[in-house]
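Please arrange chains L, P and U on chain C, whose structure you already have, making use of the hints.
As you go down the protein sequences, you meet chains C, L, P and U in turn. Start counting the first sequence at 1; every next residue gets the next number (full-length UniProt numbering). Start counting the second sequence at 1; every next residue gets the next number (full-length UniProt numbering). Start counting the third sequence at 1; every next residue gets the next number (full-length UniProt numbering). Start counting the fourth sequence at 1; every next residue gets the next number (full-length UniProt numbering).
Hints listed in this document are in silico derivations from the structure and should not be mistaken for laboratory results. Treat the numbers as computed from the prediction; the structure is a model and nothing was measured. No false leads were mixed into what you were given.
Simulated pairs of lysine to aspartate or glutamate, EDC-like, Cα-Cα distance not exceeding 20 Å:
hint: 1; chain 1: L; residue 1: Lys237; chain 2: P; residue 2: Glu284
hint: 2; chain 1: L; residue 1: Lys237; chain 2: P; residue 2: Glu316
hint: 3; chain 1: U; residue 1: Lys237; chain 2: U; residue 2: Asp357
One letter stands for each residue in the lines below.
There are 4 protein chains.
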Amino acid sequence: MNSAGSTACCDDLPMELLPGWKNPSSLAALKLIRRTIHRYPEPGWTEFLSTARVAEILEELGFRLTWGPQFIRPEFVRGRDARAAEEGKEFARASGVSETLIRKMGDYPGLVAEIDTGVPGKTVAIRVELDALAVEEPVNIEHLPAREGFVSVRHGIMHACGHDGHQAVAVELARFVKTNLPRLTGKIRFIFQPAEEGSRGAYPIVMSGVLDDVDVLLCAHLGVDIPAGTVVAAPEKFLCTTKLDLEFRGSPSHAGMQPQLGRNALLAAANAAINVMALPRHAEGMTRVNVGALHAGEGRNVVPSHATMEVEVRGENEAINRELASEALLRARGAAIAFGVEMLSRTVGEAIDFVPDESITQLIAVCARRARFCEKVLPTHPYNGSDDGTLMIRCVQEHGGRAGYFMVGAAHDDCRAHAAVDFEERYLLTLYDTYANLLVALVGNWK
Amino acid sequence: MNSAGSTACCDDLPMELLPGWKNPSSLAALKLIRRTIHRYPEPGWTEFLSTARVAEILEELGFRLTWGPQFIRPEFVRGRDARAAEEGKEFARASGVSETLIRKMGDYPGLVAEIDTGVPGKTVAIRVELDALAVEEPVNIEHLPAREGFVSVRHGIMHACGHDGHQAVAVELARFVKTNLPRLTGKIRFIFQPAEEGSRGAYPIVMSGVLDDVDVLLCAHLGVDIPAGTVVAAPEKFLCTTKLDLEFRGSPSHAGMQPQLGRNALLAAANAAINVMALPRHAEGMTRVNVGALHAGEGRNVVPSHATMEVEVRGENEAINRELASEALLRARGAAIAFGVEMLSRTVGEAIDFVPDESITQLIAVCARRARFCEKVLPTHPYNGSDDGTLMIRCVQEHGGRAGYFMVGAAHDDCRAHAAVDFEERYLLTLYDTYANLLVALVGNWK
Amino acid sequence: MNSAGSTACCDDLPMELLPGWKNPSSLAALKLIRRTIHRYPEPGWTEFLSTARVAEILEELGFRLTWGPQFIRPEFVRGRDARAAEEGKEFARASGVSETLIRKMGDYPGLVAEIDTGVPGKTVAIRVELDALAVEEPVNIEHLPAREGFVSVRHGIMHACGHDGHQAVAVELARFVKTNLPRLTGKIRFIFQPAEEGSRGAYPIVMSGVLDDVDVLLCAHLGVDIPAGTVVAAPEKFLCTTKLDLEFRGSPSHAGMQPQLGRNALLAAANAAINVMALPRHAEGMTRVNVGALHAGEGRNVVPSHATMEVEVRGENEAINRELASEALLRARGAAIAFGVEMLSRTVGEAIDFVPDESITQLIAVCARRARFCEKVLPTHPYNGSDDGTLMIRCVQEHGGRAGYFMVGAAHDDCRAHAAVDFEERYLLTLYDTYANLLVALVGNWK
Amino acid sequence: MNSAGSTACCDDLPMELLPGWKNPSSLAALKLIRRTIHRYPEPGWTEFLSTARVAEILEELGFRLTWGPQFIRPEFVRGRDARAAEEGKEFARASGVSETLIRKMGDYPGLVAEIDTGVPGKTVAIRVELDALAVEEPVNIEHLPAREGFVSVRHGIMHACGHDGHQAVAVELARFVKTNLPRLTGKIRFIFQPAEEGSRGAYPIVMSGVLDDVDVLLCAHLGVDIPAGTVVAAPEKFLCTTKLDLEFRGSPSHAGMQPQLGRNALLAAANAAINVMALPRHAEGMTRVNVGALHAGEGRNVVPSHATMEVEVRGENEAINRELASEALLRARGAAIAFGVEMLSRTVGEAIDFVPDESITQLIAVCARRARFCEKVLPTHPYNGSDDGTLMIRCVQEHGGRAGYFMVGAAHDDCRAHAAVDFEERYLLTLYDTYANLLVALVGNWK
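Just chain C, same shape as in the assembly (with noise of 0.2 Å):
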């Protein structure tokens, strides 16, 4: 761990940060990387094509690029479909991926690429997430992707969460830093994390060790339900999650002539479903609680032998999300004893609540004051939902480096009626110029 001593900080900082540094993106190379990005989503733990856009790139720009068990601890990954995985490889090759390259990444996607300035200095890490979500992109007018001719090409799947544009301002900053690289210290480091949806990718990476070493590791998020040109320096209510495989195993009958021979697991799905929907609220903060899947039955004259759910709980801290956790499997628990049925029980993804660090807080303010489009920096705004980024900040944290997250507002003005949403483009500008002001001011070579 360096110490923070050389970093330049604070509000003594020139309004401009960048004299004489190379800024070389735009809006318009943000909006052309970003629109081909959305053209192709991909769902967590498939995203080759992805993994393999970045790779081509950075490595290109001199970046070294670390894969498969290195950058992903197998014995961790949780919330993962060896089919679905399949297929995501199969979407890579049709979209002309080189076989090569998916050998390379063998079956996990997703990458570490990281530039040394040769300078002594500290390791900055930037994460980026890769996947997409399992949404159907409208395609009516209203809806920009629709007009201007860049939807998603694979019906229900959709980069509906602005990862598209991370990815794209991740392209975009390490040719800013390959540009600026005389002027850089230390490392900088990308670190491209499938899964993040479901909060399934951080907890194998962080079990790599990749970001043990890492001095100060940013995060950040376009954000919908943020008014336009807001930039939030550090967002709190980061709800703490748990998410749960629950399958139910009863026998099936013919339902006309031995009714009462089956045990009826589709019957404690739903029980099941409805009474963790009705867990109760709690004194001690915020608590949220989705059944999002319930898929039961093997046809419509047998009893249902068979049915499988997919649970979420999030508490405002670690505390309530165990309760709350442990409760959906009582529930759980309880309806396949009252049909006779067998419940099993699986946590597939985690993600913990965001404590940040002062200095980097600040830091960001003062870069974001300072980034194209930025109308206002709030020092907090609630988040009030989950990112599995939180687990590798807290391990930069407990290894003695520092973390931020900022969010980025980038609402169009009618979003709010939507659930698979869209952002205003613009304000990629203004998370790229954040970010690359934060580089400068952590790593810049200030003498």
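Positioned in the frame of chain C, the structure of chains L, P and U alone reads:
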């Protein structure tokens, strides 16, 4: 056991069964008695007034009475509420029952009244139910008791199942027996059973042994879902039944300040109720299931810590019924586990199916055909209900006796629309005549 | 309609029904065909390979084929998935069915194959089901198809209801008819019905008119819950049934950030499922109800906005069935309203009860008694299931014809433990012989 | 409205606020009164004895009383059970309240008691709750009232929310006012409110106008979830709340004989209860929801035709609360529709959030710091409950007055384990002193 040798059998009997017999009853007499009884209904285990009434009349006629623990074995009593019993005594007192009689009855209403002809012969027992239902009597003009001024004096309690008619017939039958005593042989015994509703009273009576020496046990029921004037000689599909009381014990907490600390017994009970109602049908026979009552909660702003539930299951045979009862408990137990509350269950009633003795069935048909207002005799018809008289019947049969159970259709024209129903009074005569004819046939001195 | 005059009737028939008749089939032949069919199961409305197979064989034997809209009236088709049908064609192509045949079938599998003897006489039709079930075939050694190497080549699809055996018998019967053509009169017609499962296929066939001129319609089923070797001449308690597809449409929202904005279709469906299963029993006859499948939700962290459900109700008669179907819809509609989601329903299948023609029932008994391996003939036995062949039967009866439906017990010794079951193959001969005898009896040229 | 000019403000006050003031109360006196009140708890709208008690004492002290419709406007009364009120009067009579007083109170308990100093000045009102809870008092030795012999004389009713303490303090405060009358200015008014539990009583009081001319309204609550000796000057997170009574009306039928004819109100209510408990969380603030009671059914063997339910929702602001109430009704209405039963709803209580007046909050802090046993003053602390005193507060504020609400921590060491709790009595003195100091500060004659 006597042989059936001396019994006059079947269709070689004269159309007029009772030449020379004195038949003292008339519709006017039956209506008068029935209407008085109708006004003073008493729920199960509280029939102190009803018991006292028949006691006084039958004792005066020369019957010998057996009361209390010799008739009702306390250790086998189920589904009795001690407080309700005390209130029942109070009602009896207020209605003029003497303290002496109250003391004689002790804690349990009901009695056996027997008269011995002095002539060797069969012991014939007739079962008569005493209890009323927790049903609010309609007061509209379409309802005969309202129109003719004999509605229940007690809110929420009503003779809605014909037991008032059965008692009226029994009283007149006792007079018939007394009047014709010289023409009779053997012993005639009336079993005035409390708490037939809920299938509670028969069990402790059976255990007292008062049925062990019975040669022929006769039961009958007025039927409002059978066409008026039709007698069913041996109804089928008496459903075996188990009555269960469930209790859920959780723990309370303030619903606003500490919602997460409570253990919600109301939710456990609500879930149990719904899932008990969803017990599967059975391929091997009819089933029924009902959650007849659910009471839960202490106050609006308290997480409910207590709930009780009244459940009944019925099955076409004992195996099905047992299976249903055990599944119902499983549903309830699972619900309790799901919500972390305790569940207690008690069996409070039971009835089995009815296996008629062919010779008695035939005799019933013969006797019914000769009864006033009888238009038709059906060999059988589905009963689809339960009656714990079946426990008495099995007891008699296991001791070598025989038994019959017949139904007398007494439907009003518009009865099916009502849950709480009334019967057409003239068929009291049909019931009376059939019973009287049966006594003549079974224990008449035909010499 | 011909008169029944020339039909040889009943017990004055010689024990050997077929002197001089050529009976080409053997157990070896039946097993061979059945096992091939067993390996290539096809779900309802996708039986293109099965149709092509019987088409080729029967056409070669001289039967005249009727396909497509003349057989299946598209406007009455229910419960068909267009995409599954396309995949079915693909499977048929991959299994060697020529493009010419695929084109002939068009969108709907199934066909009528008729041969005319040229001699005036009755038109006898035999119904044969083509479809398989969405059931995973067991691969353990206790399962005969696994032990002897003819398990399904398709995961999750299996001939678990004996239709493979029915088809094998039909193919051999066609050969029997061809071989004995000179000894026969009238016309023999095979109705190869798609989509019997789910009670879907019969309706558009009935509407095509191909049954209007049938004198005698014969249906039969191998029965794994009937003792091996027992033939039931006219099973009773065919349950009327209605198959309903329900869809719930809510709206999604982020379960962490805006839980209150979603409209939860999963909860509506779960409630509907539970309450449909809790539909009350019916005093006037048997009922069945099943929610065979429920699929809901888009992703773990999204309030589920979509759910589908497969429901079936059955009733001992049409009134009960209609009542149940309408109550099931009420439960679902209420659940939708409770959660502010939209509910759509579609009837996708229907069957009615079976009213046998006494003369055909008697003939079946006679013919079965003369069949190989038949040990016993029962006049009746409860079926407790549904078959939309009943729609065909009623159609024939309404046009003045007669119909029979018999069952051939073919239980393995240990079959009752399995939901997906296999049958004892030698009883294919019993089925074959009974059918052959019936043809001889009905349209044999007895002169 | 007077100006606040003459009010001595804040920290320039002497530590001993009351030099020369006569402070007649002691812990012994407070305990004595409180324990008497504790023994005779009365649920909301039945506080006739409690009202009579304070009426007699305050009238003797010279306070002018306002009763009945001038205080409680009948047309705005909610959540009142007429029969319980009659029983309440009976209890009051049996406890020695004279018929004259009973008549004065009329149908509604509660009163305003005011004393006029004769010197111009502010009108200060103190709100005091009269009602107890439907909670069974513990009788174990750990429970102080049991140990020291002052448990409730009424089964199932208990002062479990501290209102006994509030009343004791009020009585002693009235004596303080009387004793120090010459040193006071303006008017001092006690509002003895019935039916605070369930948020029922404040509304018809507000509508009577007795608060319209109040300059300063003071409310306070003993708090068992606040550390002993801590005073909270202005608690936050008073939850807006709506109390709903729901009724479901179906139709009965015999559960064995005609299960299909009933309309099951119990199932509708059970479903409504579960789904109300599963109302979604809200992104914009805290929510609470409770189904505190459910009563359904007439008898075990009757399809339940009637059910009632007590529901409450709470929200951090009025918009959230309104949304929840409307969603709760939607869940219930849907359940009713699903089961074909009628649903009726009534709003029986309401409270809003608390917006403190800064100057009063500061004064409370000052006055509390000078109270006996006060160890700490917190500016705020979450309340997480509801109090319809908030309606009075808003009324005063809308008429130009100011208001404060403080809490006095009085936790026993082991209190959190109990739902029905008791408080540490010595903090009655803290509450008393704080109130007394506030009166001195607000209407003391400082000249």
